[in-house]
Amino acid sequence: MALYSGINLFLINLFTIMVPRRLFPPAAFVWGMLFYLLLGEKRRGFRANMRAVTGRSDVEGLVVSAYYKYARNWCDVMLMMRLAGPRLQALIGRRSTQEPLDDALAAGTGAILVSPHLGNWELGGLGLADLGYKINVLTFREPDEKVNELREKVRGERSIGFIYVDRDDTSPLAIIEAVNALRRNEVLCLLGERDGSSHTIAIDFFGRSTPFPVGAAYLSLASGAPIIPVFVPLEGDTYATLMDGPIYIEGGHGEHGQAIRSGMERLAAVFERYIGQYPDQWYNFFDFWGGDQPAAKTRRI
Amino acid sequence: MSEALIQKVKQMIIESLRIEGMSPEEIETDAPLFGEGLGLDSIDALQLVVAMEKDFGVVVPDAATGTKVFASVRSMADYIAEHKK
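Heads up: the protein sequence lines correspond to chains V and R, in order. Just so you know, this note's numbering puts 269 at position 269 of the first sequence, and the rest follows in order with no gaps. Just so you know, this note's numbering puts 51 at position 51 of the second sequence, and the rest follows in order with no gaps.
It is worth saying that the hints were derived from the structure and are not from the lab. For clarity, every value in this text was computed on a predicted model and none was experimentally measured. Certain hints may be false.
[Claimed, not checked] Calculated lysine to aspartate or glutamate pairs in the DMTMM-like style (CA-CA distance at most 20 Å, straight line):
(1) R:Lys8 <-> R:Glu28
(2) R:Lys54 <-> V:Glu250
(3) R:Lys68 <-> V:Glu265
(4) R:Lys54 <-> V:Glu177
(5) R:Lys84 <-> R:Glu3
(6) R:Lys54 <-> V:Glu186
Start from the sequences and build out the full structure, keeping to the hints where you can.
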């Protein structure tokens with residue numbers, strides 16, 4: 001049973017139309033527990049991740065909490081797709097400085113916002129687009145075309161650009177459109193810790209060798225745009241929008257490999273810090289280090 | 001296409017990729033840029049996309065065009081001559 005499917009999204013959307021937001025938590029708890037009980041393999045995968053992140057063996061509280069928060073997250077995702085302006089911004093509570101982003105745009109380089117699969121990352125993009133930033137999302141196609149259609153419709157209404165990446169395309173030229181968006185001084189958003197592309201390098205992540213996608217580093221190196229780690233965790237009833245310091249990746253011909261490794265190690269360290277703070281919102285419902293992700297080729301640069 | 005433009009493209013490659021100790025004369029006009037030719041790598045390709053827009057105002061819109069454009073110095077110069085504003 002896929003958590004991220006057209007039928008699930010339809011049902012959640014229907015629910016969020018009929019029910020006020022204050023009733024999302026109890027409903028999310030029921031949904032979350034249902035999925036927790038029914039999806040044993042995903043539960044075991046998530047539990048393994050929590051043990052790796054926290055270093056503890058008893059993590060069941062985090063696993064239960066994650067299913068609840070993920071269900072709640074999806075209610076809010078479907079709700080916020082119908083919101084704009086102050087009603088959308090009201091979903092955001094604590095806000096960190098946006099200085100790294102504004103500085104990058106003032107310098108004319110564009111900016112690469114990278115989030116792990118933590119919290120409500122979709123809200124981050126929508127919130128920035130709502131504030132007038134020109135946003136582009138670099139993403140893979142979902143297996144369910146109805147999910148792609150929904151995402152394109154919602155983002156299209158807010159002038160958020162889409163750049164699809166072919167998982168199997170080994171040519172770096174596949175991300176030319178993303179480079180061009182940065183050259184236009186626009187913002188590029190992508191998810192940055194999950195393997196699935198054809199370009200990865202092995203990085204130490206929570207003490208384990210982990211294939212990290214290097215697309216963001218390629219883009220930074222080529223364009224001069226900084227990588228800015230961003231996080232949108234649930235805090236109480238609202239989401240925090242947190243922006244960490246910029247990571248610049250620089251190096252001339254023949255120095256690319258080392259520059260990319262160094263930048264990715266810094267990014268992984270920032271991810272570790274935030275995932276450590278919000279472990280139950282790191283939504284990877286499979287054994288992250290268990291090797292059951294789509295096959296990818298770790299390559300030399 | 002003018003020899004001057006070919007020289008400019010070679011100079012752009014050296015400067016934008018920060019290739020030390022190489023002069024434009026050492027770059028063969030028709031040799032492949034990647035692999036056995038000039039030996040550029042995948043990041044270099046993206047940096048050339050940026051440099052072409054900066055220096056010549058010419059955009060390489062997608063991967064299919066990029067594959068043709070970055071075949072050699074001559075193909076780059078051809079594309080620039082055709083699309084320069």
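Quick rundown of the hints versus the structure:
Straight-line distance between C-alpha atoms of Lys8 (chain R) and Glu28 (chain R) comes to about 13 Å, which keeps the hinted pair within the 20 Å bound. Restraint check: the Cα-Cα separation between Lys54 (chain R) and Glu250 (chain V) comes to about 18 Å, which is no more than 20 Å; the hinted pair holds. Proximity of Lys68 (chain R) to Glu265 (chain V) is assessed by CA-CA distance (about 34 Å); at most 20 Å being required, the pair is judged violated. Distance hint between Lys54 (chain R) and Glu177 (chain V) is fulfilled; the C-alpha atoms sit about 16 Å from each other, no more than 20 Å.
For the suggested pair Lys84 (chain R) and Glu3 (chain R), the alpha carbons sit about 16 Å apart, so the restraint of at most 20 Å is met. Taken as a hint, the Lys54 (chain R) and Glu186 (chain V) pair is honoured in the structure, with Cα atoms around 16 Å apart against an allowance of 20 Å.
Of the numbered hints stated above, the single one contradicted by the structure is hint 3.
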